[in-house]
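**Student:** Protein chains in written order, with this note's numbering: chain R, 3 to 320; chain H, 3 to 320; chain F, 3 to 320; chain E, 3 to 320.
It is worth saying that the hints were derived from the structure and are not from the lab. Warning: the hint list may mix true and false statements.
Stated by the list, open to error - Restricting the straight-line Cα-Cα distance to at most 20 Å, the calculated cross-link-like pairs of lysine to any residue (SDA-like) are:
(1) F/65 with F/77
(2) R/265 with F/272
(3) H/304 with R/257
(4) E/265 with E/221
(5) R/304 with E/23
(6) E/189 with F/61
(7) H/65 with H/212
(8) R/14 with R/224
(9) F/17 with E/227
(10) F/159 with H/65
(11) H/277 with R/51
(12) H/189 with R/53
(13) F/12 with F/252
Number of protein chains: 4
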Amino acid sequence: MAFRKKINAKAKADKNTGFGTNASSYGGRFVTKSGNANVRKTGIDFLDSISWYHTMLTIPRWKFFFIIFAFYFLVNFAFASIYYMIGVEHLNGINAVKAIDKFGQSFFFSIQTYTTVGYGHISPTGFLTSFVASIEALFGLLSFAIATGLFYGRFSKPKAHIIFSENAIIAPFQGGTALMLRLSPYKNTNLTDAEARITMGIHLEEDGKMVNKFYTLDLELEKVSSLTLSWTLVHPITESSPLYQMNEADIKNTIGEIIVFIKVFDDMYSSTVVKRSSYTFDEVVYGAKFLPMFTRSQDNDKTLLHIDRLNLFEKVSL
Amino acid sequence: MAFRKKINAKAKADKNTGFGTNASSYGGRFVTKSGNANVRKTGIDFLDSISWYHTMLTIPRWKFFFIIFAFYFLVNFAFASIYYMIGVEHLNGINAVKAIDKFGQSFFFSIQTYTTVGYGHISPTGFLTSFVASIEALFGLLSFAIATGLFYGRFSKPKAHIIFSENAIIAPFQGGTALMLRLSPYKNTNLTDAEARITMGIHLEEDGKMVNKFYTLDLELEKVSSLTLSWTLVHPITESSPLYQMNEADIKNTIGEIIVFIKVFDDMYSSTVVKRSSYTFDEVVYGAKFLPMFTRSQDNDKTLLHIDRLNLFEKVSL
Amino acid sequence: MAFRKKINAKAKADKNTGFGTNASSYGGRFVTKSGNANVRKTGIDFLDSISWYHTMLTIPRWKFFFIIFAFYFLVNFAFASIYYMIGVEHLNGINAVKAIDKFGQSFFFSIQTYTTVGYGHISPTGFLTSFVASIEALFGLLSFAIATGLFYGRFSKPKAHIIFSENAIIAPFQGGTALMLRLSPYKNTNLTDAEARITMGIHLEEDGKMVNKFYTLDLELEKVSSLTLSWTLVHPITESSPLYQMNEADIKNTIGEIIVFIKVFDDMYSSTVVKRSSYTFDEVVYGAKFLPMFTRSQDNDKTLLHIDRLNLFEKVSL
Amino acid sequence: MAFRKKINAKAKADKNTGFGTNASSYGGRFVTKSGNANVRKTGIDFLDSISWYHTMLTIPRWKFFFIIFAFYFLVNFAFASIYYMIGVEHLNGINAVKAIDKFGQSFFFSIQTYTTVGYGHISPTGFLTSFVASIEALFGLLSFAIATGLFYGRFSKPKAHIIFSENAIIAPFQGGTALMLRLSPYKNTNLTDAEARITMGIHLEEDGKMVNKFYTLDLELEKVSSLTLSWTLVHPITESSPLYQMNEADIKNTIGEIIVFIKVFDDMYSSTVVKRSSYTFDEVVYGAKFLPMFTRSQDNDKTLLHIDRLNLFEKVSL
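Please work from the sequences and hints to get the whole structure.
**Tutor:** Below you can see the structure in the form of structure tokens.
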């Protein structure tokens with residue numbers, strides 16, 4: 003394996019990344035592209051291993067609404083069945099003759115109770131239906147209390163509105179080379195006091211057995227006061243860099259990832275938000291240069307930031 | 003008492019733990035297993051000494067729902083009694099003859115008002131019932147406003163989803179020994195920038211009287227950048243450790259605790275969360291080694307973290 | 003003025019307290035007992051100078067409910083007047099004859115609309131009443147949306163549940179003396195990483211004119227890891243202390259305050275909370291010693307913290 | 003261009019401001035007066051580039067209520083149209099004859115359903131209208147859940163209640179001069195641990211091409227413990243200042259800005275809040291002195307802070 007010889011022996015491995023150095027745990031990726039740890043927890047009850055509330059906050063919008071509609075239908079179907087089983091003669095105002103219509107009217111009565119609309123053209127008469135309707139109205143109100151919380155949770159959950167370039171590149175830099183990747187805010191928000199950290203995790207043979215090693219890649223600039231435009235993270239490949247003297251083939255043959263971590267204060271949430279991403283070595287382009295992504299607006303009164311140019315680069319030879 | 007001789011005189015006691023050094027206050031435990039201070043506040047009004055809101059957030063789910071249902075029933079029972087006392091002839095639509103049925107219909111009218119369902123087959127006619135119903139409807143809406151807040155509070159309360167091994171162990175470590183304990187995240191969340199701190203609190207005789215002394219146990223690694231897998235906290239038992247040269251019997255005879263404190267940034271809440279636990283010396287296993295708890299998934303694309311193996315260790319001789 | 007001579011010339015004044023050093027601004031107190039700045043903002047519109055939302059969060063509970071009830075009554079009184087002016091003949095189901103009863107039924111109809119109970123025994127018939135009822139129902143729902151936010155805001159607002167001793171004392175300390183004051187948490191909450199800061203602000207004559215000067219009083223212990231019991235803040239009166247060699251009369255004659263500031267992480271809110279208080283020199287007791295305020299519980303399994311003993315001290319001669 | 007010669011060569015430019023040094027991006031302002039970055043994001047879907055939730059939180063109050071009312075009207079207009087198209091004969095209780103009246107009654111039925119008032123004098127009879135009403139009631143409740151979240155979000159969004167003087171001034175200071183600007187809190191809130199940072203951004207010709215350069219202006223006082231009164235930020239114009247030896251004309255000819263950034267802990271929100279503003283060089287007054295803005299209250303028991311005097315200065319010659 004060509005790579006093994008190439009890793010820069012002077013580079014200092016980093017022990018406090020929190021990833022496992024025991025290579026038997028390596029599952030092909032340390033961190034997914036979207037920044038989550040590539041770990042599955044087992045040996046624990048499924049319900050204990052997830053936070054259903056936060057799952058409801060992070061699922062796509064259409065799924066969220068689908069779940070609400072499905073829940074609404076199923077709950078009312080269940081209550082309608084109960085009313086139907088008790089007997090529609092205990093619901094005053096039901097005038098249907100056919101069973102299916104009786105059930106339909108029970109269903110709509112259930113909805114009128116659950117939503118607390120309560121027109122009253124159908125109303126419970128006996129104890130049993132009144133009692134079930136009492137439970138249903140409470141249940142409805144609690145459901146909407148929960149829905150209110152879920153909506154607010156979805157809206158207000160702080161998240162870092164930052165996107166990363168799809169590729170990291172090895173670019174010319176100050177007479178040598180540097181590993182670069184680019185990120186940009188994309189929402190109408192003010193980000194301040196941004197910090198970046200890049201960790202390289204590699205899976206390699208050492209003393210005859212496979213291990214995971216981690217390296218912190220030093221950045222030319224680790225902090226910026228305000229993150230208003232794109233930010234190119236630059237790791238100069240100096241003698242102390244683990245990437246020192248690796249050529250294009252070495253890069254391609256490396257098994258592992260470049261993990262990037264951003265921490266920034268978002269004044270929209272008045273909160274510190276974090277964002278991670280990762281690049282496998284397949285996603286590192288050897289010999290490239292990012293193209294500028296901001297210009298002046300036509301009437302000269304604003305800076306234009308072209309988000310769609312985030313990953314634009316041109317090939318250069320190193 | 004054998005122990006008294008054994009405490010390492012070179013270890014430096016820690017004065018800023020916030021626990022009382024006056025031994026007359028020692029109540030057998032400084033911190034409970036679940037991380038709360040083992041203190042009861044007295045001399046203060048009970049209602050002032052608790053935060054009922056946060057009690058509602060932290061009680062088990064079944065208790066929370068039970069309280070809601072009980073409250074719902076009792077409030078409506080109270081209002082039903084008022085309507086009944088005013089007289090059901092002031093509620094239009096009540097057709098019951100027996101007293102019990104009259105009360106029942108008052109009760110369901112109360113519920114229809116409280117939940118704002120208001121079918122209208124029963125409606126208030128005079129001033130008094132209308133007035134009481136006005137109060138009840140407001141009361142109902144405010145109750146559900148509070149319930150909404152409670153639900154949201156329960157969901158969104160940041161908490162550290164971390165579990166600790168049941169035992170701490172004294173394990174072989176780099177030619178000597180070390181005190182170790184293990185912790186692990188167990189939910190689908192990204193924890194970053196974790197910090198750990200271990201404080202040992204002991205209750206001992208010094209110069210002829212009982213005192214509490216506290217020691218910070220130095221850790222091999224106090225911080226990890228991301229807490230994705232299990233983390234074994236390692237306190238090497240060196241010459242400066244208060245545990246230096248204590249044997250199995252000494253450990254067993256010690257009265258006190260090992261208090262562990264974790265602080266970590268959870269990006270699910272975008273908030274720093276903390277978690278404490280404590281181990282009495284009975285829970286320290288002398289001569290043991292934790293077994294690995296993560297492996298590779300079968301299709302090699304993920305790391306598996308076996309939460310149920312958190313406390314697995316094998317006995318070794320030191 | 004005796005005091006002027008007594009201030010310790012070696013003590014270093016502190017410029018970055020944020021309080022005005024210009025003595026013409028001194029209004030007898032820098033900070034109120036409850037920790038607010040003793041400042042009134044003028045030259046600004048009253049509505050701009052307060053945050054009505056946060057006022058609603060901090061007013062006493064009874065005022066909060068009174069405002070809600072008053073608002074509820076007034077809004078419905080206003081809408082009732084509108085319906086009455088439009089004419090009750092446009093409200094189907096009103097059977098009153100007397101003007102006062104017509105108004106009363108309009109009022110209850112208004113409430114049934116505002117709360118969305120809508121029994122329906124009274125209902126709008128013409129365009130005008132239907133239209134007003136539409137507005138009122140929307141208004142009602144928005145009101146309850148706001149009320150929900152206010153309730154949640156009141157519950158969830160992070161605040162430091164800490165009380166301070168009523169007096170600060172000058173106590174014997176390690177052969178010399180020290181200024182001490184005591185504080186204690188009083189709720190069922192876990193406070194960690196507490197920091198304290200004491201600033202002394204005095205109003206004195208210097209070079210023939212009155213100025214305000216501020217001094218940071220060094221503390222023996224500025225931080226504790228966990229604030230579970232009471233905490234006595236100790237400022238040793240050494241040669242560098244501004245209080246050095248001041249006797250009882252000097253203390254009494256000093257115009258100014260001792261301002262204490264606490265910052266602590268409350269895991270109930272997962273948030274850092276702060277609390278301030280202040281002691282005028284009248285509240286400093288010269289020659290006293292705090293009495294212990296925690297003991298062991300009778301069954302020896304808990305520490306008891308006697309909140310009511312927070313300010314207990316005995317006089318001693320210095 | 004006179005200015006080019008005048009910039010103090012000894013002043014050290016600052017690379018980590020996060021603003022673009024590439025002058026082709028300069029759009030006449032780096033930061034707007036209200037503190038937002040003067041950047042427009044393009045090349046991204048409009049809906050992705052804004053956070054509609056936070057837009058709803060930050061728009062003026064009248065716009066917010068207008069949007070709610072417009073939404074309420076339009077949604078009910080849409081549902082009324084559906085009921086009307088299905089046919090009002092499926093709505094029991096509609097007694098209108100003219101088409102316009104039929105539509106009107108459908109509209110009010112829609113509102114009674116959407117708000118869950120549900121008087122019941124109009125009620126759905128067939129399957130279709132019952133079904134649409136079921137959807138509408140759910141839709142209504144979800145809308146109010148969202149509205150509740152928006153109201154709470156608007157109230158509780160942490161923001162820094164700080165205003166800045168309209169002008170920065172060059173004032174006499176300790177025998178030399180200093181750049182000064184003034185800020186003040188204006189609400190009934192306690193601000194602690196305030197930090198200030200001033201960055202100067204200029205657009206100038208260097209080596210024959212236009213570039214942006216940034217300088218951190220050192221402050222006499224960067225932090226204050228509590229921000230209770232006004233705070234004058236003072237940048238002494240020393241030999242290391244980029245403004246050294248610039249005269250009034252130089253100031254006027256400079257193209258660029260003075261960007262001020264404040265970070266402060268607000269105990270009303272128990273959160274750190276930030277605020278930015280910027281001064282173009284047109285807004286810098288050369289030769290001026292701020293007038294005092296706080297005095298003692300008439301009854302001597304409070305400090306009065308005159309917010310309307312924030313920008314008061316008198317001209318002085320330097």
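**Student:** Determine for every hint whether it applies to the structure shown.
**Tutor:** Outcome of the hint check:
1. Of the pairs offered as hints, the one joining residue 65 of chain F and residue 77 of chain F holds, with about 18 Å between alpha carbons and a cut-off of 20 Å not exceeded.
2. Note on residue 265 of chain R and residue 272 of chain F: the hinted pairing holds, with a Cα-Cα distance of about 19 Å set against a maximum of 20 Å.
3. Our distance criterion of 20 Å between C-alpha atoms is met by residue 304 of chain H and residue 257 of chain R, whose separation comes to about 15 Å.
4. Of the supplied pair hints, the one linking residue 265 of chain E and residue 221 of chain E holds, its CA atoms being roughly 15 Å apart against a limit of 20 Å.
5. At roughly 15 Å between alpha-carbon atoms, residue 304 of chain R and residue 23 of chain E fall within 20 Å of each other, so this suggested pair holds.
6. Taking the CA atoms of residue 189 of chain E and residue 61 of chain F, the gap is about 16 Å. The hint holds against a cut of 20 Å.
7. Between the alpha carbons of residue 65 of chain H and residue 212 of chain H the distance comes to roughly 42 Å, so the proposed pair goes past 20 Å and is violated.
8. Distance hint between residue 14 of chain R and residue 224 of chain R is fulfilled; the C-alpha atoms sit about 19 Å from each other, no more than 20 Å.
9. About 10 Å separates the Cα atoms of residue 17 of chain F and residue 227 of chain E, which keeps this hinted pair within 20 Å; it holds.
10. A C-alpha spacing of about 24 Å is found between residue 159 of chain F and residue 65 of chain H, which places the hinted pair above 20 Å, so the restraint is violated.
11. The hinted pair formed by residue 277 of chain H and residue 51 of chain R meets the criterion: a straight-line CA distance of about 18 Å does not exceed 20 Å.
12. Of the supplied pair hints, the one linking residue 189 of chain H and residue 53 of chain R holds, its CA atoms being roughly 7 Å apart against a limit of 20 Å.
13. Distance check on the hinted pair: residue 12 of chain F and residue 252 of chain F sit about 17 Å apart at the alpha-carbon level, within 20 Å; holds.
Violated hints, in rising order: 7, 10; the structure is consistent with all others.
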